[in-house]
Amino acid sequence: MTVSTSAKSLIGSFTPEAFAAHLARVSHLPTWWLDRKRAAYERFAALPLPKRTDEGWRFASLSGIALDGFRSPDAVTLAQTAHREIGVTGAGTMLFANHKLVFSEPISAELAARGVIFDTLQNALLKHSVLVRAHLLTQPPKLGSEKFAALHEAFLEDGAFIYVPKNLEVALPLGVFHYAAGQGAAVFPHTLIVADDHAKVTVADFFRSSETVGAALRRDSETQFACGGNDIHVGHGANVTYVAMQDWSREALSFQFNATVVRRDAKVLSVNLHAGARQARHESFSQLQAPGAHSEMLALTIAHGTQEFDQRTLQIHQAPNTSSNLLYKNALLDQTKTIFSGLIVVDPDAQKTDAYQSNRNLMLSADAEANSLPGLEIQANDVRCSHGATSARIDAEQEFYLQSRGIAKAQADELLVFGFFEEVLAKIENQELHDQLATIIRRKFKDN
Amino acid sequence: MKPPTEVESAPTENPVVGIDQSKGDFQYDVKYEFDAGTGLSERTIDYISAAKKEASWIKDFRLAALKTFQSKPMPTHWATEDLNNINFDKIRYYLASGQKPKRSWDEVPDDIKKTFERLGIPEQERKFLAGVEAQFDSEAAYSNIKDIVAKQGVIFCNSTEALREHPEIFRKWFGKVIPVGDNKFSALNGAVFSGGSFIYVPPGVKVTHPLQAYFRINAENFGQFERTLIIVDEGAEVTYMEGCTAPKFSTSTLHSAVVELVAMKGAKIQYITVQNWANNVFNLVTKRGLAHEEAEIKWIDCNIGSRLTMKYPGVILKGRKARGEVLSIALANDGQHQDTGAKMIHAADETTSNIIAKSISVGQGRSTYRGQVHIPRHLKGCRNNTECDALLINTNSRTDTYPAITVRGDLNAVQHEASVSKVNEEMIFYMQQRGLTEGQAMSLAVNGFINDLARQFPMEYSVELKRLIDLEMEGSVG
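One line per chain: the protein sequences are A and B, in this order.
Read in order, the letters of the first sequence are residues 1 to 448 in this note's numbering.
Read in order, the letters of the second sequence are residues 449 to 926 in this note's numbering.
Fair warning: there could be bad hints in the mix.
Unchecked claim - Simulated restraints on C-beta separations:
1. PRO650/B <-> ALA66/A: 49 to 59 Å
2. MET907/B <-> ASN325/A: 41 to 51 Å
3. ASP537/B <-> SER63/A: 37 to 47 Å
4. LEU47/A <-> HIS826/B: 32 to 42 Å
5. THR486/B <-> GLU17/A: 55 to 65 Å
6. ASN533/B <-> SER63/A: 31 to 41 Å
7. LEU47/A <-> MET907/B: 49 to 59 Å
8. HIS826/B <-> SER63/A: 15 to 25 Å
9. ALA66/A <-> HIS826/B: 45 to 55 Å
10. LYS501/B <-> THR306/A: 52 to 62 Å
11. ALA66/A <-> ASP508/B: 34 to 44 Å
12. ARG619/B <-> GLU399/A: 48 to 58 Å
Claimed, not checked - Here are a few chain B residues that sit away from chain A, every Cβ distance over 12 Å (derived from the structure):
13. PRO521
14. GLU616
15. GLY629
16. ASP837
17. PRO851
18. ILE853
19. HIS864
20. ASP900
What the hints assert, rightly or not - 25 Å max Cα-Cα, derived BS3-like pairs, lysine-lysine:
21. LYS166/A <-> LYS200/A
22. LYS769/B <-> LYS713/B
23. LYS352/A <-> LYS870/B
24. LYS427/A <-> LYS200/A
25. LYS594/B <-> LYS501/B
26. LYS520/B <-> LYS51/A
27. LYS766/B <-> LYS654/B
28. LYS409/A <-> LYS828/B
29. LYS620/B <-> LYS716/B
30. LYS632/B <-> LYS51/A
31. LYS620/B <-> LYS713/B
32. LYS654/B <-> LYS501/B
Rather than coming from a laboratory, the hints here were simulated on the basis of the structure.
Cβ coordinates follow ideal geometry from the N, Cα and C atoms, glycine included.
From just these sequences and the hints, can you work out the full model?
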């Protein structure tokens, strides 16, 4: 055992030379940002890889976490990404392929005139340095991936910046696409959302691997490394809906870090769909900082083949009268494995907190494995906190009903999964986004 | 998961300011011909082994355990940092008979005397429990029970006697349910164990009298590193009770027991614990049962005392249709941390387990539920139900829940539910309207909270438990 762990490199492909080459590409960006990147690289290189005894990695397969064999990807064109529209028109789109913006549809002139910013992170770093500095990666990673979060900060090249000024509502969803293309591609997507007081916005974040046009390889067979993050800052009375769809190559290793800060009377709804990658870890950290703040954290995972999905969440209630609701639903087929580890923390003065946390695992195979670690740490007494976790097959009567109608197993599974997921899908008000999620889920059944 | 809110600070004498955790401390004359002194080394083990005139395999077992204990790190990557406050060099690991604690009745703190009175503990027992007398004359009661069960072929004796007189029965299972290397503290126990109960119940025998360690251990000394092994043969049944509700002063601030239960085919074991150590005691206990086909093991575990208790009674469900159950009540008051829970390891088809845990945190008390439910691959028809309810009495009380559930395959079902609440204000208001004081109303509500679990305790235990809760609730409100 010691042989295999010591053989693993602490930095893998992310060598000082690779970092120097990356810095050279972003040398025009502000000094404070470059300094932070240098510090982040040092942290990344010094921190150990996760160990068996790390509580934050309990049940995770550490053998699959290796940093070798990746490279800074080549530039690709829009045509090479074989981009499919989502049908959300007129609201603004940015499309990144291997970090480069290859397509964009700007927001309306009226929104721009009223102060909405929808731009690349690089442009924002130059034009709105103060605003970006106050919000970009400002929340410390707390869920175990300090090393990979530092790697993300060090190699983050470009991403999306969204700012909605006070009292402004953006009606149509904004779409951000992050493509990874090519064997061994390492990508570091980022989306930064800042909603000022009483603003309202919906953002959809897509993570996809593109087909290598002209090559024989299918998109799902390319080994890739994705280490992405997003920051969501929800000002007083603001309302943010964030929908993320992770559909990386089935051979990708994926890390994703979310940090959400919710202020007074603000609301945030986040929905994460996990479908892609060989092994994917998602960390979500919500802070409810002022009275009336509400965070709704929903996730759907559809696992097939030998995929492993590792989801870690933390909801911290830092002020009285805040509420949060977490619902993570996993459907497990074949030889898959899921881990849900959640923690609700209620600080000593956060009286009247109302927090809920629920993990439901639908077991659709004899070889799938579901792990649940729903945790609570409560330091105030006048609270309503509860959690629940279940792992089971579908109700035998429902199954019998489907069989008696002559519906084949695979089709029945699909129906059952949609029925199981509907509770979360129904929360997405925008029809196009709703359909997009359904398409990704359906594709999982077609592939089988 | 490591609690992110845990403040990592240097070890402190008392975790809560203003709590005197030294009131249970004892003083001794150090006479080296009578004991092994303080600290732990191979010499300590030589001494214990010689004093007990043990077979060489037991001494080898102890020495191997000592090595394991010394090589294992403190489990503070998941457990509380308070463990670092244990000073292993200051601990007395073995006391030979003849040593008596120096303490007079006048030195016993008033609140303890009051507790004895309120609980209705007989005068004679009070002195013993307070540590004024090292021996309490319960010999008569003990031999009485021993004689009755001996007629049924039951063996009921201490660990030294059992391993000397009946190795053919006990050696087979000794250290098998909980291997020495299970954790740091089970290894410590393996090195220095003494006292405890070894019980064998022959096939088909249903022991009608609950066996009480209280009588037996009193006749010797309090078990500091108790070792208990209960083997119940096919179709036999036994109920075992450990501890009592009265606060106990121990001769040491570290208690680390190992309890192993073996239920053969169709056997039933019920193990009841009421723990009420003084609040200077680290109580780090490993308890596990092995249930064969159609056997049933039930742990009823009630923790009221100690500074820090870490105890997760478990059942390995090894045979088809085996059943495991843990009913747990924890009460944490100022300066106390009750870190309790349960483990259910399903290793055969159609096994079922049930965990019901209720905790009450008063003042700055902290209660933690930590649990594990494990259903590995290729099993079918396994079921687990877990319910954890926490009640927080004061604004600064604390509770945590850390379950870990693994399920493989689609033919098993588990459910886990936990809730945290405070006492309903309307309920208190209603009772106050009917003329109860707020304190009385609060204890009635708390007793109601644990009532369905307390009902499963033997009658005298549940009566004492109720009085104890009344006592703990006094002064917690207003």
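A quick look at each hint next to the structure:
no.	hint	verdict
1	PRO650/B <-> ALA66/A: 49 to 59 Å	holds, 57 Å
2	MET907/B <-> ASN325/A: 41 to 51 Å	holds, 44 Å
3	ASP537/B <-> SER63/A: 37 to 47 Å	holds, 40 Å
4	LEU47/A <-> HIS826/B: 32 to 42 Å	holds, 38 Å
5	THR486/B <-> GLU17/A: 55 to 65 Å	holds, 58 Å
6	ASN533/B <-> SER63/A: 31 to 41 Å	holds, 37 Å
7	LEU47/A <-> MET907/B: 49 to 59 Å	holds, 58 Å
8	HIS826/B <-> SER63/A: 15 to 25 Å	holds, 22 Å
9	ALA66/A <-> HIS826/B: 45 to 55 Å	violated, 29 Å
10	LYS501/B <-> THR306/A: 52 to 62 Å	holds, 58 Å
11	ALA66/A <-> ASP508/B: 34 to 44 Å	holds, 43 Å
12	ARG619/B <-> GLU399/A: 48 to 58 Å	holds, 50 Å
13	PRO521	violated, 9 Å
14	GLU616	holds, 39 Å
15	GLY629	holds, 15 Å
16	ASP837	violated, 9 Å
17	PRO851	violated, 6 Å
18	ILE853	violated, 4 Å
19	HIS864	violated, 4 Å
20	ASP900	holds, 18 Å
21	LYS166/A <-> LYS200/A	holds, 9 Å
22	LYS769/B <-> LYS713/B	holds, 10 Å
23	LYS352/A <-> LYS870/B	holds, 11 Å
24	LYS427/A <-> LYS200/A	holds, 16 Å
25	LYS594/B <-> LYS501/B	holds, 24 Å
26	LYS520/B <-> LYS51/A	holds, 16 Å
27	LYS766/B <-> LYS654/B	holds, 22 Å
28	LYS409/A <-> LYS828/B	holds, 20 Å
29	LYS620/B <-> LYS716/B	holds, 20 Å
30	LYS632/B <-> LYS51/A	holds, 20 Å
31	LYS620/B <-> LYS713/B	holds, 16 Å
32	LYS654/B <-> LYS501/B	violated, 33 Å
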